[in-house]
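Undergrad: Let chain A serve as the given structure and place chains B and C with the ligands on it in line with the hints.
Protein chains in written order, with our numbering: chain A, 756 to 955; chain B, 247 to 549; chain C, 43 to 247.
Please note: incorrect hints may appear among the correct ones.
Said to hold, decoys possible - Calculated Cβ distances over 12 Å to all of chain A for the following chain B residues:
| # | residue |
| --- | --- |
| 1 | D267 |
| 2 | S269 |
| 3 | D315 |
| 4 | D406 |
| 5 | A422 |
| 6 | R432 |
| 7 | R456 |
| 8 | D502 |
| 9 | A503 |
| 10 | E513 |
| 11 | L525 |
To be verified - In silico SDA-like pairs for lysine to any residue, Cα to Cα no more than 20 Å straight-line:
| # | chain 1 | residue 1 | chain 2 | residue 2 |
| --- | --- | --- | --- | --- |
| 12 | A | K876 | A | L886 |
| 13 | A | K876 | B | A347 |
| 14 | A | K876 | B | A504 |
| 15 | A | K876 | B | R336 |
| 16 | B | K429 | B | S269 |
| 17 | A | K876 | B | P316 |
| 18 | A | K876 | B | V297 |
| 19 | A | K876 | B | L348 |
| 20 | A | K876 | B | S269 |
| 21 | A | K876 | B | G322 |
| 22 | A | K876 | B | P379 |
| 23 | A | K876 | B | P334 |
| 24 | B | K429 | B | R359 |
| 25 | A | K876 | B | L296 |
| 26 | A | K876 | B | E329 |
| 27 | A | K876 | B | G339 |
| 28 | A | K876 | A | L794 |
| 29 | A | K876 | B | H318 |
| 30 | A | K876 | B | H335 |
| 31 | A | K876 | B | W351 |
| 32 | A | K876 | A | V895 |
Unchecked claim - Not everything, but these chain C residues come out facing chain A in the computed CB check (under 10 Å):
| # | residue |
| --- | --- |
| 33 | L59 |
| 34 | V88 |
| 35 | A90 |
| 36 | V99 |
| 37 | L103 |
| 38 | S105 |
| 39 | L116 |
| 40 | L170 |
Just so you know, the hints here were simulated from the structure itself, not pulled from any lab data. Think of the CB as a built atom: it goes at the ideal place given N, C-alpha and C, for glycine as much as any other residue.
Chain by chain, the residues run as shown.
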Amino acid sequence: MRWTWRNLDTIGAALGEHVLLVGAALLLAGVVALPLGVLVARRPLWRAAVLGASAGLYSIPTLALFALLVPLLGLGFRAALLALASYAMPVLLRAVVTGLEGVALAVREAADGMGLTPRQKLWQVELPLALPSVLAGLRVAVATLVSAATVAAYIGGGGLGVLILTGLDQGHTEKILVGATLVCALALAADVALRRMQRA
Amino acid sequence: MIELRGVTKAWPGGAGVQALDLSVPEGECCALIGPSGCGKTTTLRLVNRLVEPDAGSIRIGGADALKQDPVHLRRGIGYVIQEGGLFPHRRIGANVATVPALLGWNAARTRARVEEVLTLVGLDPARYRDRWPHQLSGGERQRVGVARALAADPPVLLLDEPFGAVDPLRRAQLQAEVLSLLKHLRKTVLLVTHDVQEAVRLGDSVALMRGGRLVQHAAPAEMLAHPADGFVAEFLGADRALTRLGLFRIRDVPRDAATVAGEALPEATTLRDALSAMLERGVRAVPVTEGGALTLEAVLRSR
Amino acid sequence: MIGWLRANPDAFLDALLQHLALSVSGLLIGVALALPAALLLARRPVLAEWASAGAGVLRTLPSLAVLAALLPLLGVGFTPSVVALALLALPPVLLHALVGLRGAEPAAVEAARGMGFTPLQSLLRVELPLALPQVFAGLRTAAVQVVSGASLATFIGGGGLGDLVTQGMALLDIPQVQVGGIAIALLALATEGGFGWLQRRWERA
Ligand SMILES: Nc1ncnc2c1ncn2[C@@H]1O[C@H](COP(=O)(O)OP(=O)(O)OP(=O)(O)O)[C@@H](O)[C@H]1O
Ligand SMILES: [Mg+2]
Numbered sequence: 756m757r758w759t760w761r762n763l764d765t766i767g768a769a770l771g772e773h774v775l776l777v778g779a780a781l782l783l784a785g786v787v788a789l790p791l792g793v794l795v796a797r798r799p800l801w802r803a804a805v806l807g808a809s810a811g812l813y814s815i816p817t818l819a820l821f822a823l824l825v826p827l828l829g830l831g832f833r834a835a836l837l838a839l840a841s842y843a844m845p846v847l848l849r850a851v852v853t854g855l856e857g858v859a860l861a862v863r864e865a866a867d868g869m870g871l872t873p874r875q876k877l878w879q880v881e882l883p884l885a886l887p888s889v890l891a892g893l894r895v896a897v898a899t900l901v902s903a904a905t906v907a908a909y910i911g912g913g914g915l916g917v918l919i920l921t922g923l924d925q926g927h928t929e930k931i932l933v934g935a936t937l938v939c940a941l942a943l944a945a946d947v948a949l950r951r952m953q954r955a
Numbered sequence: 247m248i249e250l251r252g253v254t255k256a257w258p259g260g261a262g263v264q265a266l267d268l269s270v271p272e273g274e275c276c277a278l279i280g281p282s283g284c285g286k287t288t289t290l291r292l293v294n295r296l297v298e299p300d301a302g303s304i305r306i307g308g309a310d311a312l313k314q315d316p317v318h319l320r321r322g323i324g325y326v327i328q329e330g331g332l333f334p335h336r337r338i339g340a341n342v343a344t345v346p347a348l349l350g351w352n353a354a355r356t357r358a359r360v361e362e363v364l365t366l367v368g369l370d371p372a373r374y375r376d377r378w379p380h381q382l383s384g385g386e387r388q389r390v391g392v393a394r395a396l397a398a399d400p401p402v403l404l405l406d407e408p409f410g411a412v413d414p415l416r417r418a419q420l421q422a423e424v425l426s427l428l429k430h431l432r433k434t435v436l437l438v439t440h441d442v443q444e445a446v447r448l449g450d451s452v453a454l455m456r457g458g459r460l461v462q463h464a465a466p467a468e469m470l471a472h473p474a475d476g477f478v479a480e481f482l483g484a485d486r487a488l489t490r491l492g493l494f495r496i497r498d499v500p501r502d503a504a505t506v507a508g509e510a511l512p513e514a515t516t517l518r519d520a521l522s523a524m525l526e527r528g529v530r531a532v533p534v535t536e537g538g539a540l541t542l543e544a545v546l547r548s549r
Numbered sequence: 043m044i045g046w047l048r049a050n051p052d053a054f055l056d057a058l059l060q061h062l063a064l065s066v067s068g069l070l071i072g073v074a075l076a077l078p079a080a081l082l083l084a085r086r087p088v089l090a091e092w093a094s095a096g097a098g099v100l101r102t103l104p105s106l107a108v109l110a111a112l113l114p115l116l117g118v119g120f121t122p123s124v125v126a127l128a129l130l131a132l133p134p135v136l137l138h139a140l141v142g143l144r145g146a147e148p149a150a151v152e153a154a155r156g157m158g159f160t161p162l163q164s165l166l167r168v169e170l171p172l173a174l175p176q177v178f179a180g181l182r183t184a185a186v187q188v189v190s191g192a193s194l195a196t197f198i199g200g201g202g203l204g205d206l207v208t209q210g211m212a213l214l215d216i217p218q219v220q221v222g223g224i225a226i227a228l229l230a231l232a233t234e235g236g237f238g239w240l241q242r243r244w245e246r247a
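Bound conformation, chain A alone (with noise of 0.2 Å):
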């Protein structure tokens, strides 16, 4: 445990950039998801292909997708960042579109029959009926993300991924366990908050 109090500082940084990183990445993938969701959700067409070429982007492995993206991003924070980003987006994007499909024909045509603008609609009725899916969504999303975020130390984003990799590489146990250990605490304690928030 000598390394753990001598380094506290580093830990913590690793463990700030770490959140940093899944929050920013979490918060661009929703910024294209949410628009691009509630205009593929009724257009039968667009959906079937964006949820497709999503979901073919979600199965690909962590590592393929960075290695895919080096030669065109670089390395680096940002790098990593989109290459995250990219990764949460599909998760975000299905929830988004199943949140608003499961939203009863009954109810949309009592908004359309009251006088809701489209706009009121969307923002009074259908969002806030798929917001149980989108916080689903969001709790895939985040497991999602704290777990490539550790892959992504590989291509220079920093986090506790450092602490494993270079562990690793150093033949260092204890790093690696500092980092792995934080990594699923963070994790874990990512899912029972949003679980938290799906409940309330």
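TA: Chains B and C with the ligands in isolation, oriented as in the chain A frame:
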């Protein structure tokens, strides 16, 4: 008040509504009946432009509905859909307050109005206002749907089987109450129902549709006495003459001065019930509480 | 990329075969643990709850962390990688199988009992077949997880296609990195597609 001229809407699969002419004068209730899939719901949705007609004109209160902004138009038309369509994420009070909120009413006025319309449909505001839709029975939900349609006091109401899920006894009572209230408020109502008895009891006129066309539109007694064709006669039922008697009361026909034995019936009794009493007692005349007697001949002459 | 492949066909084949060996062993072990466990737990609601919760936690843990955490216990190389992959395969199979087994139509189970099936017969002949679509869905998820996780085995010396990526990065040999990346991606997509096809075939049959 509501005036459809040559309104046509073809669905891709066929069916729809064809060259429909229908007008409902201000303050009257028109009951729309017909077999399932004949276009009743489509007709209602044409009126508030949830469906755009392929051809024809629609005027509401003298104005061309097809030239108005549909959103604005709909805020002035109460609409109760067949399946209820309450917003599951809003409490009953908020559901009812939807249109007042859209129209920008202040909180106090909205609140008072919510209480008023909930009471109107027979739901105690104190008990129901803060509940969620899923905590209500199907019949209660439908009543909330009606309250929600009434909330902003629209002059026109479209009711699509508004009380289909309420038990028959309560439904008859509720519909009678709500309809007489709408009449009192001089609302113009287009009411869809599956039940002939209901249609003739509640409608100032009855419109019978079949396969997207209007087959007959007439006052209930007129339609029952003179069905336009065999289909109408069959739809109204073999007991249509009895149904028709249900529309008249003892006070509507001349009475005999003779005194007759037996339990007296009040003037407000329908001729149908009076005839039933005669059959039951095996007599040709029954005494009336308010004086005189009702004879079988008088009942027969009423047609 | 094609150039690199031409120049190093053996290295590529080795990596691919290693990747497949890792994935198949990990998946088989995971399934061999998860399915019997699901059958045992199906009739024990309390234990099943606990097992589901445990599997849920295990599923949330990042793959790289699981691989790395095994290193102090098992060292480096093929075996610890397979163990880690089995751990990745276990939760989806267990969770899906439990959902399928516990969600079996009560009427069907009741009917089986009524016809004189023993609980074991009912489980194997009625509930398991009814749960199969779920089991297949779990298998599919697990297979994709494992193929994806196997690409990280390179970090603990387990080999596989991940080696191409890490070696290429170390040598700044971009074509090699790309070959590795594309091969991993295609393998994952093929796994997803193949298991999806199997699943649909089964559902139709
Ligand atoms: N959006 C639509 N697209 C295609 N066809 C439709 C659509 N809406 C209704 N239809 C068809 O138009 C016909 C009339 O439907 P409508 O809903 O008006 O019937 P209805 O008289 O209200 O029946 P019910 O008594 O069962 O409610 C039906 O054959 C129906 O399938
Ligand atoms: Mg209808």
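Undergrad: Hey, does R456 of chain B actually stay past 12 Å from chain A on C-beta?
TA: Holds: least Cβ distance 24 Å, greater than 12 Å.
Undergrad: Next item in the hint list is A90 of chain C. Is there a CB on chain A closer than 10 Å to its CB?
TA: Because about 19 Å separates A90 of chain C from the closest Cβ in chain A, which is outside the 10 Å limit, the hint is violated.
Undergrad: Given the hint that K876 of chain A pairs with V297 of chain B, test it: the Cα-Cα distance must not exceed 20 Å.
TA: Roughly 17 Å between the alpha carbons, so the hint for K876 of chain A and V297 of chain B holds.
Undergrad: Does the claim that D502 of chain B lies off the interface hold, with its Cβ farther than 12 Å from every Cβ of chain A?
TA: 53 Å, holds
Undergrad: Are all beta-carbon distances from L525 of chain B to chain A longer than 12 Å?
TA: Its Cβ never comes within 12 Å of chain A, the nearest being 45 Å, so this holds.
Undergrad: Given the hinted pair K876 of chain A and W351 of chain B, is their alpha-carbon gap at most 20 Å?
TA: 19 Å, holds
Undergrad: Determine whether the non-interface label on D406 of chain B survives the test: each CB of chain A must be over 12 Å from its CB.
TA: Check fails; 10 Å does not lie beyond 12 Å.
Undergrad: Over 12 Å to the closest beta carbon of chain A is the bar; see if A422 of chain B clears it.
TA: 25 Å, holds
Undergrad: Compute the least Cβ-Cβ separation between D267 of chain B and chain A, then decide whether it is above 12 Å.
TA: At about 24 Å from chain A, D267 of chain B clears the 12 Å cut-off, so the statement holds.
Undergrad: Taking only the CA atoms, is the gap from K876 of chain A to R336 of chain B under or equal to 20 Å?
TA: 13 Å, holds
Undergrad: For the hint on L103 of chain C, just tell me whether its beta-carbon gets within less than 10 Å of chain A.
TA: 5 Å, holds
Undergrad: So, L116 of chain C near chain A? Judge it on the closest CB pair being under 10 Å.
TA: 12 Å, violated
Taken one by one, the earlier hints fail for this structure at numbers 3, 4, 14, 20, 32, 33, 34, 35, 39, 40, listed in ascending order.
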